[in-house]
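Asks: With chain A fixed as given, assemble chain B onto it according to the hints.
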Amino acid sequence: MAINNQVAPARDRKKDVKKAKLTYHAMLAPGMIFLLIFSFAPMFGIIMAFQDFVPAKGFFGSEFVGLEHFSYMFNLPDIGKVFRNTIVIALGKIIFGSLLAIAFAILLNEIRVKLLKKSVQTIVYLPHFLSWVVLATVVVNLFSLDGTVNQILDSFGLDRINFLGSNTWFQPLLIGSDVWKEFGFNSVIYLAAIASIDPGLHEAASMDGANWWKRVWHITLPGMLPIILLLAILSLPSVLEGGFDQVYNLYSPMVYETGDTIDTYVYREGLVGRDYSFGAAVGLFRSVIGLILILSANNIAKKFTERKLF
Amino acid sequence: MIQGNSLSTKMGKFIIYLIVIFLGLICLLPLWNIVAISFSSGAAVAANIVGLTPVNFSTGAYEMIMEDAQFWRSFFISVQRVVLALVINLTLIVLMAYPLSKTKREFKSRNIYMNIIVFAMLFSGGLIPTYIIIRNLNLLDTIWVLVLPGAVPIFSVILIMNFFVGVPKSLEEAAIIDGASPLQILTKVYIPVSLPALATVALFSIVGNWNDFMTGLIYMSQVSNYPIMTYIQSLTIDISELVRSGTNSDALQNIAEVQNRNLNAAKIVVSTIPLLLIYPFLQKYFVTGIVVGSVKE
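Chains A and B are the protein sequences, given in the same order.
Going by full-length UniProt numbering, the first sequence opens with residue 1, and the numbers climb by one from there.
Going by full-length UniProt numbering, the second sequence opens with residue 1, and the numbers climb by one from there.
Only chain B is shown next, with the shape it has when bound in the complex:
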């Protein structure tokens, strides 16, 4: 807190405002540049003259996306994946978090389960053995490979478990007196009072599944099965080519390829819209999630 009215404190305050605004702009402008590129003509993009406003404003790139069947196929694979993962993740999270939130006296095997789960969080078989197992299960090139390996998000289970531990016991006791079964207690007592925490883990699931490109890269052999981020990754400029040949304009000699840059920018913008739509919620719940979940007393 800067207080006082002397010239030096005013100056100090001014510099702090300046730095904070500068850092904000550093985050915003590069992203805005992509939007400007997506609305510019291919020629302007090729000449590298697009800064923060579109040059030769054109919606051509977006019109081309409308006709790009693979883009929309991948887009809807991702939508489908996010919905499936969300349902499966949330179901498993609450089902596992509730018994684990019981004390050892209430549920004797609690600690055994907990140790198994923590071990699964800390140690992994690694990329190759996981790939072989999934291949043996014949899951390659199916939508399930995008959803099932991450069906149990252990970090989220622990976060919700900790939240359930904090739910007042009196609520549960009242339900027991009314003759409620454990499943009823979970759905009628615990879930309704945990909605903000559940929103947090739901958003973890949505963002993680939407943004993930590696799973698609590893387990899908056909482009037609790619989720959106894997598809966009396969399109963006080949870095090796770019680095070797020097400049963008050398690497992309013909005009059709040049147009790809604003087309790709438009694809990136469209693929980010779903995240922007839920961004207000992300800000609200991720922040509480990170503060509550990152450290455990």
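So that you can see chain A by itself, here it is in the shape it has in the complex:
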């Protein structure tokens, strides 16, 4: 290190620098070993997607079959369905989740009663910290055939709806419950964005006679726009994430048509069905598209907002 050059004599300094570098390598070593075993070894394991993998024969003994699993995959009607479901569900979560979070942040910012503001924040952040295992029970209590929502429909003389078993309702249910879980917490960053807007702008606009709507539209939203844009770009890679935890806890064979996502499909076919090579092939396809999306998102973000993800 060159920082202490006025004090230590040159010979000592060189030795110190060398020693410090050795220490740096040593500090990184344990973490790198874990990454090697649990991240990079599985990447090497991807070769099983090009094999007829048999666990007893291992990665080196299994027979290579080239692109067989991939051509099988692309001829399977399931694959299109599973990718489509994943993208629709993920996009729905991103779009409606952001809209509600933005709207909530703008409204919450108007609350002047400190205690109320704090209490509401405490409550709406809570679902974010709870597991889908817990929240699935909440969703079932509300949306099963004799759940709260259907009891309400019943009391208005309307027909009950089998939300959890209907291919019409299952995707909206997934999207809605995820928006419910996350909107509060997602509003945190938008609140921070609102707080950074110059209050003088609002004062000037009020003096010119702009009402609340006009000020939200012409001052608050434009002020939030950079963050909104940035988060929208950075959420691009997550269009391949249907949310395994949520879907697995809520879906059933009756809604595979609309509810089956890449993650649940790979889990069922690859792991439970022990079709290891096929599961690895689907997983690889997904990882490659994911990598392309994340690199594009990073580049777009760098270009337009001068910020980046990594």
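Don't read these hints as lab results, they were simulated from the structure.
All values derive from a computational prediction rather than experimental measurement.
A virtual CB, placed ideally from N, CA and C, is assigned to each residue, including glycine.
Pair by pair, the computed Cβ-Cβ distance ranges are:
| id | chain 1 | residue 1 | chain 2 | residue 2 | range |
| --- | --- | --- | --- | --- | --- |
| 1 | B | N136 | A | A232 | 35 to 45 Å |
| 2 | B | E106 | A | D78 | 48 to 58 Å |
| 3 | A | F70 | B | F155 | 26 to 36 Å |
| 4 | B | P192 | A | Y72 | 50 to 60 Å |
| 5 | B | N136 | A | V149 | 42 to 52 Å |
| 6 | A | V149 | B | V35 | 15 to 25 Å |
| 7 | A | G200 | B | I143 | 53 to 63 Å |
| 8 | A | G200 | B | P192 | 31 to 41 Å |
| 9 | A | V149 | B | L171 | 56 to 66 Å |
| 10 | B | K284 | A | V113 | 17 to 27 Å |
| 11 | A | A29 | B | A174 | 24 to 34 Å |
| 12 | A | R268 | B | A43 | 36 to 46 Å |
| 13 | B | K284 | A | E68 | 50 to 60 Å |
| 14 | B | F281 | A | K117 | 13 to 23 Å |
Replies: Just chain B now, kept in the frame of chain A:
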């Protein structure tokens, strides 16, 4: 900011308060319903008449949990997991973040390490190859499978690295003049000034490990090895059964099964208590973490 005293602005303000309170209630009431169910009698739960107050108040479900050996086994597997993961994660995070926070001039290999780490964050071998590797390592059905695959939380490493970059250089220079080694500089200078950021990543680790059920589902073949969330997941009402047979009461015909619903609710409540205990800290540090960590200049 709504200003002025005209009738329409007062009205507008009132509507905003109403919407915000409504959204708060929408988040609170469904969760509260679970608590009410857990304190109700099995019969009331089966009849689906429990709303926001317990019907036929009963602590029977909680008494049954006290005698449920598997529940507590899973609970303590999760406690053990959270503690192990926390120690391992924090150790690796600071050990990796410190050298990575050096400039390329100070530590030549810095960028090579950084590229490796970012690549590991962006690309993964996927579920199946990871499963095969872990099986080959004979880690299935051990506590280590819950901890070691996530030993390096890369996002947290980067977050702390960015925080270390912002630590004033003068602090480190003073320590060097005093003859401190890099490890001493890390523990005596960097860690003490980074405690809020470290609290954030510590809480990421705790919440993530407590809530995770997928790892247990994939890598544990024996129920006796399940962490708490995997165990609760294996208990909750079978959705396929529920959807096919129509109603809860049809699906769960005998009374013993009906009682499961308030028992499960009680299990959910007990399994959430640890998170509620640290919730004040979660609110404080997650918020700073998300604002600091989500975007990088």
